[in-house]
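Participant: As a plain string of letters, each chain reads:
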Amino acid sequence: MGYPHKPHPKETVLLSEDFGDAEARTYDGWIKRGGYKALEKALSMDRAAIIDEVKESGLRGRGGAGFPAGVKWNFMPKEPTGPHYLCCNADESEPGTFKDREILRWTPHALIEGCAITQYAIQAEVCYIYIRGEFTEAIEVMERALAEAYERGVLGGNAMGTGKRIDMYVHRGAGAYICGEETALMNSIEGQRGNPRIKPPFPAVRGLFGRPTTINNVETLASVAHIISRGSEWYKSLSLNNPRSTGTKLFSVCGQVKRPGNYEVVMGFPLKDLIYDLCGGMNDGRTLKACIPGGSSVPILNREETEACLLDYEGCQEVGTMLGSGGVIVLDDSADMVYQIMRLAHFYAHESCAQCTQCREGTGWTTRILRRILAGEGEMKDLDLLLDLADHMTGRTICPLADSCAAPVVSGINKFRGEFEAYIKGEKPATLAAV
Amino acid sequence: MQAGAATEPLTGNMDQTTEYKPVFVGERRQQLDDVFKRYPNKQAALLPALWIAQDEQGWISEATMAEVAEVLDLTAAYVKGVVTFYTMYHEHPVGEHFIQVCTTSPCNVCGAEGVVEAFLEHTGCGELGATSPDGKYTVIEVECLGACGFVTPVLIDDDFHDSVTGEKVPELLARYR
Chain B
1 MGYPHKPHPK
11 ETVLLSEDFG
21 DAEARTYDGW
31 IKRGGYKALE
41 KALSMDRAAI
51 IDEVKESGLR
61 GRGGAGFPAG
71 VKWNFMPKEP
81 TGPHYLCCNA
91 DESEPGTFKD
101 REILRWTPHA
111 LIEGCAITQY
121 AIQAEVCYIY
131 IRGEFTEAIE
141 VMERALAEAY
151 ERGVLGGNAM
161 GTGKRIDMYV
171 HRGAGAYICG
181 EETALMNSIE
191 GQRGNPRIKP
201 PFPAVRGLFG
211 RPTTINNVET
221 LASVAHIISR
231 GSEWYKSLSL
241 NNPRSTGTKL
251 FSVCGQVKRP
261 GNYEVVMGFP
271 LKDLIYDLCG
281 GMNDGRTLKA
291 CIPGGSSVPI
301 LNREETEACL
311 LDYEGCQEVG
321 TMLGSGGVIV
331 LDDSADMVYQ
341 IMRLAHFYAH
351 ESCAQCTQCR
361 EGTGWTTRIL
371 RRILAGEGEM
381 KDLDLLLDLA
391 DHMTGRTICP
401 LADSCAAPVV
411 SGINKFRGEF
421 EAYIKGEKPA
431 TLAAV
Chain A
1 MQAGAATEPL
11 TGNMDQTTEY
21 KPVFVGERRQ
31 QLDDVFKRYP
41 NKQAALLPAL
51 WIAQDEQGWI
61 SEATMAEVAE
71 VLDLTAAYVK
81 GVVTFYTMYH
91 EHPVGEHFIQ
101 VCTTSPCNVC
111 GAEGVVEAFL
121 EHTGCGELGA
131 TSPDGKYTVI
141 EVECLGACGF
151 VTPVLIDDDF
161 HDSVTGEKVP
171 ELLARYR
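These protein sequences, in sequence, are chains B and A. For the first sequence, this note's numbering begins at 1 and goes up steadily by one. For the second sequence, this note's numbering begins at 1 and goes up steadily by one.
Next up, chain B with everything else stripped away, as it sits in the complex (with noise of 0.2 angstroms):
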């Protein structure tokens, strides 16, 4: 799917509306479609009142865990001692995931402004948008978005003319997937190696440099000028499963469907529309096997768990799997199962930051299995083995890489077990050379 991209009458375009429209990018295009007014309501807002409303809509952190923004924000001292930080995390690495570099591309002013409300409601003078190295484009478009901002008063020791200060930097990646993980993410801004920390302190206590610190995710910063503007009411009303799911999410579709691309529904919004209706279906001849629903760290779906889905937090908690990011990763049944999961499992182990002896030692050893049972030369035990592996990766490290490795590989054999069988009993041919 390219843009600009007409929306599917389903679509509920609050975050998207501008994609595509090169005009949105520049400062004045922005106003033009009512930028920054949200900005200049807040600051005459209480910050308090602000943390309220947000906390009020239900707004959930959109980068994987879903923690209530408003909640997040309310942890940052009040009294502030010394600096305070806020992080973007931009830092978009999860596989079947591309929603935030399309904000990122095509609405920048749309992040400065929801980073700069925040950064108000929390008392951080300067925000930090770690985006990864990767991301040429978005580097350039975000850089030239808060150049004209600074020129045109928006940031900068006289924020909107409010006489108060609001700096923002974009911080850039080098390519490293765990530094998506926020206090690996801060480690990263402070010129470390992007170890993840940890928790306890929590980043509101002692984050970066030390100091109290909150990190959200660019959708999730996106999403927070739409409820200053109008309201936590309406923002609430954007549910169509649990109350506890809120606002409109972007899905950000990929794999074997006709259209993939990015689409903005309200949550929870049925799976299998997305996939059929919105994404036009599976290619010619072929149907759905399995669908990863919030990019690859989260547990496989078969057929009927798919088609049962509804994609918001307690929708997809409900088929046992997890909102995650909104990447759908979607899979016919042309694709081979064992073959794929290896390609998730040499992900993690590419990705470990080798910290954590589990995920270290057991990111590779779950590849080498799986590349061992494709070569042909698998057995039974095998499979018992890469469970056993899983569940010592799950729950017991500083952060939920290993946890991420485990999901696909324990769901995979759960659900697609005789795929593997297959490989081990010789009954379909080898598809790597033995190793």
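None of these hints come from the bench; they were simulated from the model. Even for Gly, the Cβ is constructed at its ideal location relative to N, Cα and C. Take the hints with a grain of salt, since some may be wrong.
[Stated by the list, open to error] Pairs of lysine-lysine residues, derived as DSBU-like cross-links and limited to a Cα-Cα distance of at most 35 angstroms, are as follows:
no.: 1; chain 1: B; residue 1: K10; chain 2: B; residue 2: K258
no.: 2; chain 1: B; residue 1: K428; chain 2: A; residue 2: K168
no.: 3; chain 1: A; residue 1: K168; chain 2: B; residue 2: K199
[Unchecked claim] Chain B residues, not near chain A, derived (Cβ > 12 angstroms throughout):
no.: 4; residue: E102
no.: 5; residue: D277
no.: 6; residue: I369
Since the structure of chain B is already known, use the hints to place chain A on it.
Facilitator: Below, chain A alone, put in the same frame as chain B:
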């Protein structure tokens, strides 16, 4: 080690015969000074400083690490620890054009491996990570470029190309002669 070699200064240069040209002078120094203003301490400027250095020299040599360490009041060992953590800093010289092809699952399932093969063939690189005999190209597989809906995404230097197929590779490469 030959007699007398120990008295040579340890510059860390890969090629001991050429003199090291420092990065952070003139405009580049100004660029770094601007970066310093964004952070409360010098160490935080490490990633940006490495980007500036790589931009200038094409890769990060041990001598570069030593210079970066000096300007940021860090040790060379510390800088090396950081450089080796991140995949985008080149620890060896690479081809004039650096080609990164995404092969993570969503791209893989849509044929990314065929795109890699086409690049290896048409660049003359032959294998991943190797530089072509004419010094023009280096091809690597990269984990998720975050553009899974536009298979296969390829990053050539700083240019993003989406929807690349094996057939489109020769035409694409023609733009990077």
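Participant: Take the hints in turn and mark each one as holding or not.
Facilitator: Going down the list of hints, with the structure as the test:
no.: 1; hint: K10(B) <-> K258(B); verdict: holds, 17 angstroms
no.: 2; hint: K428(B) <-> K168(A); verdict: holds, 33 angstroms
no.: 3; hint: K168(A) <-> K199(B); verdict: violated, 48 angstroms
no.: 4; hint: E102; verdict: violated, 10 angstroms
no.: 5; hint: D277; verdict: holds, 17 angstroms
no.: 6; hint: I369; verdict: holds, 18 angstroms
Hint compliance for this structure: hints 3 and 4 are not met, and every other hint is.
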